[in-house]
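Protein chains: 4
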Amino acid sequence: MHPDHDRADASARSDRPTTGLWLIGARGSVATTATLGLAALAGGHADPTGCVTARPGLATAAMPGFENIVIGGHDLSACPLPKRAEALADAGMLPSRLVTLTREALDAADAEVRPGHDPARPEGSGQATAERLAADIVAFRERHGLERVVVVDVASTEPLPDPLPEHDDAALLAAALADPDRTPLPASSLYAYAAILAGAPYAAFTPSASIALPALTHLATEHGIPFAGQDGKTGQTWLRTVVAPAFAARNLRVLSWSGTNLLGGGDGATLADPHAVDSKLSSKSRGLRAITGTDTTPLHIDYVPDLGDVKVAWDHVHAEGFLGSRLTLQTTWSAYDSMLAAPLVLDLARLLGLAHAAGLTGPIPELGFFFKDPWGSDLHDTAAQERALTDWVRDTAARVPATGAPRRNADGGAGEGSR
Amino acid sequence: MHPDHDRADASARSDRPTTGLWLIGARGSVATTATLGLAALAGGHADPTGCVTARPGLATAAMPGFENIVIGGHDLSACPLPKRAEALADAGMLPSRLVTLTREALDAADAEVRPGHDPARPEGSGQATAERLAADIVAFRERHGLERVVVVDVASTEPLPDPLPEHDDAALLAAALADPDRTPLPASSLYAYAAILAGAPYAAFTPSASIALPALTHLATEHGIPFAGQDGKTGQTWLRTVVAPAFAARNLRVLSWSGTNLLGGGDGATLADPHAVDSKLSSKSRGLRAITGTDTTPLHIDYVPDLGDVKVAWDHVHAEGFLGSRLTLQTTWSAYDSMLAAPLVLDLARLLGLAHAAGLTGPIPELGFFFKDPWGSDLHDTAAQERALTDWVRDTAARVPATGAPRRNADGGAGEGSR
Amino acid sequence: MHPDHDRADASARSDRPTTGLWLIGARGSVATTATLGLAALAGGHADPTGCVTARPGLATAAMPGFENIVIGGHDLSACPLPKRAEALADAGMLPSRLVTLTREALDAADAEVRPGHDPARPEGSGQATAERLAADIVAFRERHGLERVVVVDVASTEPLPDPLPEHDDAALLAAALADPDRTPLPASSLYAYAAILAGAPYAAFTPSASIALPALTHLATEHGIPFAGQDGKTGQTWLRTVVAPAFAARNLRVLSWSGTNLLGGGDGATLADPHAVDSKLSSKSRGLRAITGTDTTPLHIDYVPDLGDVKVAWDHVHAEGFLGSRLTLQTTWSAYDSMLAAPLVLDLARLLGLAHAAGLTGPIPELGFFFKDPWGSDLHDTAAQERALTDWVRDTAARVPATGAPRRNADGGAGEGSR
Amino acid sequence: MHPDHDRADASARSDRPTTGLWLIGARGSVATTATLGLAALAGGHADPTGCVTARPGLATAAMPGFENIVIGGHDLSACPLPKRAEALADAGMLPSRLVTLTREALDAADAEVRPGHDPARPEGSGQATAERLAADIVAFRERHGLERVVVVDVASTEPLPDPLPEHDDAALLAAALADPDRTPLPASSLYAYAAILAGAPYAAFTPSASIALPALTHLATEHGIPFAGQDGKTGQTWLRTVVAPAFAARNLRVLSWSGTNLLGGGDGATLADPHAVDSKLSSKSRGLRAITGTDTTPLHIDYVPDLGDVKVAWDHVHAEGFLGSRLTLQTTWSAYDSMLAAPLVLDLARLLGLAHAAGLTGPIPELGFFFKDPWGSDLHDTAAQERALTDWVRDTAARVPATGAPRRNADGGAGEGSR
Ligand SMILES: NC(=O)c1ccc[n+]([C@@H]2O[C@H](COP(=O)([O-])OP(=O)(O)OC[C@H]3O[C@@H](n4cnc5c(N)ncnc54)[C@H](O)[C@@H]3O)[C@@H](O)[C@H]2O)c1
Ligand SMILES: NC(=O)c1ccc[n+]([C@@H]2O[C@H](COP(=O)([O-])OP(=O)(O)OC[C@H]3O[C@@H](n4cnc5c(N)ncnc54)[C@H](O)[C@@H]3O)[C@@H](O)[C@H]2O)c1
Ligand SMILES: NC(=O)c1ccc[n+]([C@@H]2O[C@H](COP(=O)([O-])OP(=O)(O)OC[C@H]3O[C@@H](n4cnc5c(N)ncnc54)[C@H](O)[C@@H]3O)[C@@H](O)[C@H]2O)c1
Ligand SMILES: NC(=O)c1ccc[n+]([C@@H]2O[C@H](COP(=O)([O-])OP(=O)(O)OC[C@H]3O[C@@H](n4cnc5c(N)ncnc54)[C@H](O)[C@@H]3O)[C@@H](O)[C@H]2O)c1
Ligand code: NA
Ligand code: NA
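Protein chains in written order, with the UniProt record's numbering: chain S, 1 to 419; chain A, 1 to 419; chain V, 1 to 419; chain U, 1 to 419.
Only chain S is shown next, with the shape it has when bound in the complex (with noise of 0.2 angstroms):
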């Protein structure tokens, strides 16, 4: 079933595992669909559809395979992956038959899951908690004999948290997360942090504060870190920066695009908070704004428990083009949510294993083609991201060797400084 591009690269490395997926929020729906979904594809029972890195064009043999890599994570939740992976299988989104097939992998992909971090429950101070979870880490990297261990955070999304003078000042943070009376970071930024001491890339796939405090960016740019975020653009939020692009090059003006979305599920559950929604909301209409220059675009997210993991996204745009007429366009979407979501973390985890292969630090903007609010760019036209994805994937596969042998490995070992 594999693509024949595919496997050619997979013929030029061997199926020994490489890279390490630690996933936080492990046994979620994005994150059980992106393990069953790697088995099924590493297995042969499944076509890398949806998945952004085996599209001709794409795929190179610097990066590491599927099947080169091997999954972990945190979580708080106490439900096995192949529990759940049932379940929305019952519900009708994972097809029966490869949770079947998989179940092997998810097992053991379960055995890796180690407790996360409960902000409920403070746990000593906020530089033990997160030694202790980068020790998670560098015990995965070293069990399974990696190259490198990416983490891409698919935890429920946080409420933001409210400024304090120490995500800005490296100096200030140290001192409170070394007192455990204080929690500086919430659990997303504690788990960024974990990521930077344990040396691991990092990527967020959802909207919480995560590493984007100026405190920890400089931070992982400074340990050697490449990192990616923020926010997966998956469906209403990619259509729009899809379709907001060509309105523009037509010269025609928007005057406003409202929207509502409808979707049940973990995250629908989640999102129904009013404090955890708002930061989804302002990440989702950023893009938009930037590109049409408008400023009336309601949106709304809207609980409906019994669409499951069904996401249904309907968009209403207002347009005036020649003479001041008007137009109208409509859209529905409807989706999976987590069947757009897993193959792209599958590709991040591919796409940071090169950056970090190639030695690259610091935010990467090139990889803002995954996100609804990209980290170094202030790109959000889909098809101009997909360019620059391409370019930067054809120039840093340039610099490392197709062995899948990472310079890094040659050069002598993580976070060397020069780079």
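What the hints contain is simulated information worked out from the structure, not anything from laboratory work. Predicted model, so just to flag it, every value in this text is computed and none were measured. Keep in mind that the hints are not guaranteed to be accurate.
[Unchecked claim] To be clear about the criterion: a stretch of chain U counts as covered by chain A if any three or more of its residues have a C-beta under 8 angstroms from a C-beta of chain A, and this derived list gives those stretches: (1) 249 to 258; (2) 293 to 302.
[Unchecked claim] For each label pair, taking beta carbons as the anchor points, the in silico distance ranges come out as: (3) Asp278(U) <-> Asp295(S): 47 to 55 angstroms; (4) Ser282(A) <-> Gly44(V): 48 to 56 angstroms; (5) Ala170(U) <-> Ser282(A): 47 to 55 angstroms.
[Said to hold, decoys possible] From the derived model, a few chain U residues whose C-beta atoms are all more than 12 angstroms from chain A: (6) Ala61; (7) Ala78; (8) Ser125; (9) Pro180; (10) Ala272; (11) Pro365; (12) Trp375.
Just so it is clear, CB atoms sit at the ideal spot from N, CA and C, and this is done for glycine as well.
Since chain S is already given, all that's left is putting chains A, V and U with the ligands on it; use the hints.
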């Protein structure tokens, strides 16, 4: 109301007409809208919203300004332009205010409309007809002292002609054209031949045969005529070629793309004829198939007279994502069709004016952005076409003095004789 | 242009005004449209399309004809009706032709508009205010020698008032109304009280408190006033109460019914206020919940100024069918809101005129067809309401002489004794 | 899981089969779903959601219970019911759980399927064929000791036959049926004739000619057969006949009603044949034209195989409101077609069982609720049909003893001989 960038261009050149726009179908809905719109733009009564050439990044002093363009054309209809404009205002499409403000210009343009060629009423040999039509164009050029006249076909869509050996062979064609008892060319091709005879750059905004017969294409290139086509990409097809490449970029597999168009107006009435609609339908599906590889693309165009000049287009896309999951996208587009087309017709006048000034001949693939069926190009992806267009304008403008004085006149170059 | 059945009615009666229509919010969008529309109907310039009472099966000579109705009202706005009508024509809603043809009638109606009560500018005790407003209504009735005046509230939607004991107890209310330092009633309820004092049948086209406070309802019934409400069921809610009963009849189980409204215009601006919108939102969901038993009915009203007077409503219905299968229905409704409302306002004038002529008092449940929140009835199913309305008109008309001469005139003054 | 009202009915009668349901097309998608569904209902594994006769207000002990119905039928397909059910489960329509739970019942029903009549393989005279088919029905009735067998045609839609004098004249028809060299009746009509011969109540769920030829209608009435049809009103047409009357009730004028259907599955494949689709298309537009008076109702049915058993239907309604204003309604309906049809097929078995028990003969207009093209009735308005159905069930049930013992058996009445 003019955006600044355009004002700047305008100040650099005089308001003297340098470029003629000769419309085949000069009293139709698109032509009337273009004529009124040009007058409104030149008079400062409207912004060039919807004009691609007025958008930052494309606007250049090397193109004729709106105020440098004068309109004439051929039509069979006896309904004068001001009256057609009033009817379009009553139907809710054109703003009454602008009809009043541009009445003089509409009268002037109407005085430049010459009787077209009615295929139902043969008027001697094809050669004689074409020479009569060409003479109208040349007289128009001389009457106004124009540097060039761009011919754009916006007449009613014709049924496609039955294939003839004459279409492929210039010598055979010449013989048949000379024979008063034969009609080797449909009307649209006679007009295209007339443009060639008149040395006029040419664009086919319709899916009719026009210049796209090999014998004519060959002749046009020989005579140093730049030309572009075919079939304006203004609404549903535009949207499809915006969205379909984005599916491909995500490695999502389009399974089917179904669509329905509802429209009234003159174009709707024409396309209610099953013969005429065939050329349209095949032109509309070509790009989609090329991009998605999908064969299931049922498409309908229904004549719904009560909709007047509004076109409503519904699309249903069914795609496969990760692990065989299914997703759907529906779009509904609603717009005044001629309001979309008219500014692009003005753009084509400016761009073919530029091409001619730069001495280009033959099909201009970089104008594929404007067409459902791009001549000289296999590229249908709108974003990619937009880049190609932008690059082409920049490069071509560089070859032409900014005063609007064409290089080709100066250097006595290509196509000199035929003009 | 008048359909025959209506002509027939008209011929049976004189053109003399017999019935006043007193609009609270007389210079608003709905009121302006109703006033212009009435003049157009009476003048034979338009068909009564959209008027329920003009439809075969409902039209009856027992109701006042359109030509027997004269309009006046209260408003705070100083913008005269002809000017408002022009603005609505410029915005594309009202036909300019009709604005010209009805200018005289608009001027005449505007001369009948009296300053309303602005809650931000108290003007003595509530009793004094209500008496002032009632005097305006009575003077209008006498000035035109009318048999009766029907008051319809089409003013801006108010926030719902905080509950007070005075709302439930007529004696307490009387005391508070007498006190210049208290404001026990919101403006809409003062207007309703004024209608009661003037002996005028009353309808609430808005979701404001109006006559729906128990103390006022009681008073109205005591004074022999027939009344009807509440909140015109014109678009999305109408469609929902058409479709939802059909699901029930098929034994299909609605799981969720989600909706979004986009609107500009005056009503949109008012509803952009979260307090004002609350009364609207709760009124809109009531019927749906009653019919479907579903609790998941997220609903939004967004102010999208560029839409002007157009309302766009999207609904997404998720239902369960046989063997747990799922089905979805989406609807998109797009209409000029005031064009839907205005004919129903005229209908209410005719129908409450009929009710009053027949000596009915208290809430008229059979007028529930017109309202989102039908007073005196639990019936929301539009088809069932339509039957109830048709039966009611037939039965009530049978109690009133067909000449239009009201029973109450015959038996000596307002509703006296027999009611 | 059974709602109480139904349980109550059930308790009043034994579980012994009293009523046969004989399906023409017994191994098709609708038939398989109905058979599995009946077993699931009888076994208490599913609620009768989607069954009209299970809804409060219609449920009555005078009808056979689901547990009193046994299924058999004719088909050409050799694919056994359990296998077809599995295929429909794999395609995501039927729940796998229920396929497992009902396997025994599916096997049993499959054992009752007899070879149908294939028009491509004549098998002697029409009379002989019909007698063979009738014998299958009678044997089924006797084998199970049933009071009656209801025949429902759910076979593939046929092209409409060319008109013949034999269709209008019973004597001519008899002669032609006796002639082995003639085929005066299409297959669907042979099946209907067989039902008549077997004394079996009959329903046509398809738009095929079936019993709707005058000569057969006449014969059926003569033989005391109650029958109902034609063409199940399950999705788009149902929605249209729900919404269109509501426009009429508002005196809104429908200008055009345009629609497109996309479907895969067996029915989709059949309707991809332009001859077969014609009978469907004309049946679908009839009701709409009757209600709205509109002639502009373009309609398409497209075969989109990747949609499988899902039907997606888009409608666009353009209407005129007050003062010539325009409004639009769009609807998109998406459902598993067979899941809509199957419960109605079970309803028809129960209702025609009731009709037969009550001794009714000829077309039953009150069953028009179930059909696009209601025999014996001009009523298309779904709400009005629903009232007629409810009244009919109440009145008819009153004529039949609640034990399920049919009046007609007791009184030796109509149709006795043929049974
Ligand atoms: N298309 C998409 O699905 C999409 C797109 C963009 C962003 N996202 C984001 O991805 C995230 C995951 O979505 P999902 O549908 O899988 O949600 P989910 O609710 O199914 O999974 C979230 C998981 O995170 C875990 N979790 C919560 N708090 C945690 C903590 N402190 N530490 C460790 N684990 C924790 C939960 O236990 C759960 O297993 C969400 O934030 C969502 O907004 C998803
Ligand atoms: N968005 C768009 O409007 C759009 C997009 C793509 C292509 N087009 C094409 O543009 C063309 C014009 O569309 P329209 O809406 O203006 O149609 P229209 O019917 O309003 O105008 C067509 C005009 O062509 C004239 N005509 C017909 N035969 C002629 C002949 N032999 N010689 C000269 N004139 C002739 C007619 O008299 C009429 O005035 C159509 O072919 C249409 O398919 C339009
Ligand atoms: N389809 C519909 O249009 C529809 C349906 C249901 C209900 N309604 C209700 O009808 C009402 C009118 O809608 P509209 O679109 O005409 O709004 P609008 O804003 O155009 O008009 C409201 C008018 O009320 C006047 N007003 C405000 N406060 C007043 C007061 N205290 N006394 C007297 N006049 C006052 C305003 O000056 C304005 O002229 C709204 O409450 C709306 O919710 C409309
Ligand atoms: N919502 C709905 O599903 C719906 C609504 C209205 C009408 N219908 C009609 O119901 C019918 C069945 O639909 P389906 O989806 O089950 O189709 P299907 O193709 O799955 O099943 C049709 C069955 O009929 C059988 N058949 C064909 N010719 C036959 C013959 N001569 N004798 C006996 N059997 C024969 C086929 O073998 C097949 O098993 C179609 O005619 C369809 O138009 C369905
Ligand atoms: Na091409
Ligand atoms: Na009520």
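What are the numbers of the hints that this structure violates, sorted from low to high? 10
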